[in-house]
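A.B. asks: Chains as they are written, first to last, in the working numbering: chain A, 1 to 709; chain B, 710 to 1277.
These are computed hints drawn from the structure, not numbers from a lab. The model shown is predicted, which means the values in this text are computed figures rather than measured ones. Hints should not be assumed to be uniformly reliable.
The list that follows gives simulated cross-link-like pairs (lysine to any residue, SDA-like), each with its CA atoms no further than 20 angstroms apart [what the hints assert, rightly or not]:
(1) B:Lys1227 - A:Pro172
(2) A:Lys171 - B:Pro941
(3) A:Lys171 - B:Arg1229
(4) B:Lys910 - A:Thr635
(5) A:Lys171 - A:Leu159
(6) B:Lys1129 - B:Ile904
(7) A:Lys171 - B:Asn1225
(8) A:Lys24 - A:Gly123
(9) A:Lys171 - B:Ile1137
(10) B:Lys960 - B:Tyr818
(11) B:Lys910 - A:Asn631
(12) A:Lys214 - A:Thr400
(13) B:Lys910 - B:Lys960
(14) B:Lys910 - A:Arg623
(15) A:Lys171 - B:Pro1138
(16) A:Lys411 - A:Leu300
(17) A:Lys214 - A:His170
(18) B:Lys1227 - A:His170
(19) A:Lys587 - A:Ala603
(20) A:Lys171 - B:Lys1227
(21) B:Lys1129 - B:Thr1190
(22) A:Lys214 - A:Val293
(23) A:Lys24 - B:Lys1129
(24) B:Lys960 - B:Ile991
(25) B:Lys910 - A:Pro172
(26) B:Lys910 - A:Val630
(27) B:Lys910 - A:Ala634
(28) B:Lys1129 - B:Lys960
(29) B:Lys910 - A:Gly123
(30) A:Lys171 - B:Arg1141
(31) A:Lys171 - B:Gly1222
(32) A:Lys214 - A:Leu300
Which residues of chain B face chain A? A partial, calculated answer using Cβ under 10 angstroms [as the list claims (entries may be wrong)]:
(33) Leu747
(34) Thr949
(35) Trp1009
(36) Phe1159
(37) Met1175
(38) Tyr1194
(39) Leu1197
(40) Leu1199
From the three backbone atoms N, C-alpha and C, an ideal C-beta is built for every residue, glycine too.
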Amino acid sequence: MYEYAVLVILFPLIAFVLVGIFGKRLSQGGAYVVVASFVAAFVVSLFLLIQALQNGMLSGGIAEEHVPLIRWIPGPDAADPAEGGIAFNLLIDNLSVVMLVLVSFLAILIATYSIGYMQHEEGKPRYFAEIALFVTGMLGTVSADNFLQLLIFWEIMGLCSYLLIGFWYHKPEAASAAKKAFMVTRIGDLAFLIGVIAIFVVFGTFRFDEIQEKIPALFGGGALDARMMTLIPLLLFGGAVGKSAQFPLHFWLPDAMEGPTPVSALIHAATMVKAGVFLVARSFIFLVPTHEVAGNLEVLHDAVPVTAILTVAVIGAFTAIFAASMALAHYDIKRVLAYSTISQLAYMFLGLGAGAWLMYAEGEANSAGYAAGMFHLMNHAFFKALLFLAAGSVIHAVHTNDMRAMGGLRKHIPWTYRTMLVGSLALAGIPPLSGFWSKDEILAVTFENGASNNLFYLLFAVGLVTAFMTAFYTFRLIFMTFHGEYRGKRAEGIHESPRVMVGPLVVLMGFAAASGFFPFLANGWGNVVFYGEPHAASPLDAFLAFPGAVLVVVSIVVAVSGLLLAWLVYDKRRIHAIVFTRTETRKSIHTALLNRYYIDAAADKLGRSAYLAFARGFDWVDRHVVDGLVNLIATSGRVISRASDAFDRRVIDGAVNRVSLDTVRSSLTLRRIQTGRVANYTGMIAFGMALIILVVFVAKVVLPLFGGG
Amino acid sequence: MAETGLPILSLLVLVPLVGFVVTLAAGRGLRSARGIALAFSLVQLVLAILLLFDFLTAGGLYPLLDKGSGTACLTPSNLSTLQQTDPAAGPLCTDNLGRDPRIDYLESYPWVPSLGMQYQLGVDGLSLPLVFLTPLLVTLSIAFQWQEHHRSKEFYALLLLMSATVIGVFMALDFFLFAVFWELVLIPMFLLIGIWGGPRKRYAAIKFLIYTHVGFAVMLLSIFAVYLNVTPGLQSSLYTALGGSSSATFKPSFDMVVILRAMGDPVTRGAFAVGLQVPAFIAFFFGFGVKLPMVPFHTWLPDAHVEAPTAGSVILAGLLLKMGGYGVFRVLLGMTPDATTQLWWVLAIFGSVSMIYASFVCLPQVDLKRLVAYSSVGHMGFVLLGAASLNPIGIAGGMFQLFNHGLITAVLFMLAGSAKHATGTRDIPELRGLAAQMPMFSLVLIIAAFASLGLPGLNGFVSEFMVFNGFYTGPLGPGITFVPYRSLLLIPLTAVAITGAYYMWMLHRMLFGAINLKLRNVHDLPHHEVVPYVILCALIVWVGIYPTVFLGVINPPAASLGALVGGG
């Protein structure tokens, strides 16, 4: 039914190949080809969405469809390779359709923006080819129908991320950041890989639907005990922690800002880092294993890995506040946004964790937290892409990242200011912009869980504090950048970015403002993304019911007060920023925040020195012990053979020579015996034989008698 | 014994052998020598591709190639050491368990019947990828080292001799012939290192020769033990199983097909009991392990690589190491299955140690070639791990790793050659910031490094993933279980992270940052180097995305070996 879905991946892939090979000869380094391929992919995705809507996407979800891609590993039986092999298919279900549309749409905007941003760069073909490959990877990730396929596309994204962060490879910081990003995420990927293998060992398949079906039957058996049931989602979550830069693998993302800004927007804000959230959403089949009872999905209560759920929620909440705190102090406009991204991603994890707990507590499928997390994913994709692109526009104008050298820019770059302001309001959670809705849903679900587990009250409080911090640092950024007086060197020559850059900003501004209302169209986001019957109230009902309404008020108050504080400090200057660093304690906190709690330095130093020490040690052992032993054997062999050589020359050969000298002498005398007569020779042979026999006799019989030989 | 078709297996050996003689005889200087050598090598490559094609299409090239005529199945009549034939028994394509221990292509002629030797070449799914890889890498090596002015005639001739002997090892199905080829391989490689090598060439060449020769000598013990003590009994039990009278007695034989066939079946296996298998296993394992090489018997490899000319390195890492891996699957698993089932942990330990140890040693290496050499040691650890898995997927992964590593490491060694050629040095710290000056070189290096560190989408990942997957799944049969070891089994996985780290660091140091000022005027790859890169990288990507073709070849023998050693 959806066979044409393959085209979604194919278009960007073809663009990658074309631009990769012929990029130098295409206009704008192949940028148009790439954008066109994204548009094509978007159109196909839209078709998929429309078809899915017609097939009842909003009422209980469409029937999953697996569009065959390739048979990757054939089964052992040559006659029937389908049996026991591993095949790759595209999965078409609610979530993947939405993600395909979202990703391809953002890709169009950001690639278009790149045409302007990268105008004067060398190596544009390389840039656009890598972007095309990246988008292929992301589209493949969200449409994978099994965990292995997901891992493969996931790693392709990792490769592109590496290459694009290191786009300015001659800059040492960029090269280091690229290496760091790849290595740190790879630690998470290793956990993911182990998880995938564990899945195969237990289930004999990688496919989501088959696993989901098998869990009820297998659980309690030998292969799938409670420990394994906890381990698998935790391992998968390990991959998500790496990819989505969650604590403790968070520290690669701020450094990744060394890449070009559109890359930060596309990969490190809107799409790739979301793959971790997406993976956790896909691993809901483990987090809340269900079985079907009379058409309803009911939770298998005993099999629920409570530890895994709480880990996801707690890591989420902790990273949210942890990253937000670092965003408070930084001056690099992109790094502030990067910390904000980490913090917001953590919010999504909190939402998913809370959602899983909610389902566990209620015992049936309930989309509330799941939908909130995925809703926030979409909203964040819009407003964070917008913020990054706007930041790129700022950097484009003033050629620095340092907010201390900005200020008062709203007069020079008004469109950038307007769009960025809307993005910031959305991020800060000011109604009615998009961020408010999803953030509030996440907080509401977390609060609701508090009734069944008090821990969630704590997480709710953390989320609330984070919301305050978010509003504060976001508007600190806005005021430091756009308000007040210009603090840079020369104000003249600062001009607005070209239309090809401002256009995407305006479009994104529209979405950042409006995407919060999308659930109203579908009567709840759960209807759009959830895999079962949503069982969630429509958004308005949820907000108006108690305690929802109170929570809404609380969260609005918190957001607005954060905004106001930033306004007082950085715009009106009623409160001087010095207050944050006045006392020793405050100063040391500020320094710690600027130094990212020293985790970077420690991880760097520890990792590098331990690893190098290990490696050098092994190398030393190899050269001196293992190879030394080999050489020792060789040397002793040589010594022994020298000795035997000497023995051979002096003793044995000496004897032979002595004998042969005698032989020569005697042969001179014996020459006359050489008569040429056969009979004589026969006699000689007989004599020789007799001599040999005598020698053998002596050696074999006589010598043993004397105890020799 | 394709009676009606082309004797393609013999031709695969003979063509390069004739080429060797012709190049030596007719080669006058560089141009004619390399031309002749390339022509012969190309013919061999075409033959190998024909064979591959025929295999994939299940006999599509009939009657040019004829895999029928009873060679595929074992009958009394082609058990060449059997004196009588018993037509009533009929062809025996499946054993008592219904498995298919098939050698798909077989050419068999009596050689010294009185000693039980025959000229017997065969190809199945295990050897076919390697049979394809051999002429491919030799041809590309000739193309790559297109400008060898020093004694060109001998150089190109020896590469052909290399090709003939290596492919002989992969196809020989008679232990005597196998041993002959195995030893013959040493001669051209010894000369390649010894004549065209770097400053320490004599040390390296002799170390290589002695080390691998010692391995061979130990292995020979096992061959003779099997020949003298085991083969008569195996033939007899096989003969009985085929319907002959049980009173017949047999002479010792070198026929590997008979041994494989008899060991493939629990009923006929009796003459080679576990007690006998274990010592044979140990000696074989040492011989193959030295060749593979595995830690701690690996130190000949870095030295040999550092000194060898580029073509020599490519063939050494791409093909010679594969002889060890091939031996592991053909002989260790195929002929001493019960010992393997018991001693899988020996393979696993040596494999894991090789992987982790070599990966760590890679990091501080200064010489690019040395780094790649150590990475080869690490990657060959996967082969042992695959064999240790006793699982069809793991074994297939190990076999596939031989092929994949051949492709990747060929590229990496060629790159070391290119770097030396362009800049005059292979020292990584000297080669700063090459990306700006040598974009094509950098691109190939990035592809090869990522393939080698196991990036999904490139070929290395496929085999490594299969090895791990098989290893953690463990044997399928009842009675043997890996579950008690499962947490220990995680140790080799750390090698994946370490491998990633040293390649990242290498790329970082070589390609990125500001360029070394001394290298401001270096040129990117010359044309004759680009061609091999394009072909190999295309294969790396293609196999990575669509491994199905080669896995279709590898899977059947892996499945039957997996069933043999792991039950199920």
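A.B. asks: Taking the hints in turn, state whether each one holds.
C.D. replies: Evaluation of the provided hints:
no. : hint                  : verdict
1   : B:Lys1227 - A:Pro172  : holds, 19 angstroms
2   : A:Lys171 - B:Pro941   : violated, 70 angstroms
3   : A:Lys171 - B:Arg1229  : holds, 17 angstroms
4   : B:Lys910 - A:Thr635   : holds, 17 angstroms
5   : A:Lys171 - A:Leu159   : holds, 19 angstroms
6   : B:Lys1129 - B:Ile904  : holds, 18 angstroms
7   : A:Lys171 - B:Asn1225  : holds, 14 angstroms
8   : A:Lys24 - A:Gly123    : holds, 9 angstroms
9   : A:Lys171 - B:Ile1137  : holds, 18 angstroms
10  : B:Lys960 - B:Tyr818   : holds, 17 angstroms
11  : B:Lys910 - A:Asn631   : holds, 16 angstroms
12  : A:Lys214 - A:Thr400   : violated, 55 angstroms
13  : B:Lys910 - B:Lys960   : violated, 45 angstroms
14  : B:Lys910 - A:Arg623   : holds, 18 angstroms
15  : A:Lys171 - B:Pro1138  : holds, 17 angstroms
16  : A:Lys411 - A:Leu300   : violated, 59 angstroms
17  : A:Lys214 - A:His170   : violated, 51 angstroms
18  : B:Lys1227 - A:His170  : holds, 16 angstroms
19  : A:Lys587 - A:Ala603   : violated, 23 angstroms
20  : A:Lys171 - B:Lys1227  : holds, 19 angstroms
21  : B:Lys1129 - B:Thr1190 : violated, 50 angstroms
22  : A:Lys214 - A:Val293   : holds, 15 angstroms
23  : A:Lys24 - B:Lys1129   : violated, 28 angstroms
24  : B:Lys960 - B:Ile991   : violated, 25 angstroms
25  : B:Lys910 - A:Pro172   : violated, 38 angstroms
26  : B:Lys910 - A:Val630   : holds, 17 angstroms
27  : B:Lys910 - A:Ala634   : holds, 16 angstroms
28  : B:Lys1129 - B:Lys960  : violated, 56 angstroms
29  : B:Lys910 - A:Gly123   : violated, 42 angstroms
30  : A:Lys171 - B:Arg1141  : holds, 12 angstroms
31  : A:Lys171 - B:Gly1222  : holds, 6 angstroms
32  : A:Lys214 - A:Leu300   : holds, 12 angstroms
33  : Leu747                : violated, 27 angstroms
34  : Thr949                : violated, 29 angstroms
35  : Trp1009               : holds, 8 angstroms
36  : Phe1159               : holds, 6 angstroms
37  : Met1175               : holds, 7 angstroms
38  : Tyr1194               : violated, 13 angstroms
39  : Leu1197               : violated, 14 angstroms
40  : Leu1199               : holds, 7 angstroms
The structure does not agree with the numbered hints 2, 12, 13, 16, 17, 19, 21, 23, 24, 25, 28, 29, 33, 34, 38, 39 stated previously, though it agrees with the rest.
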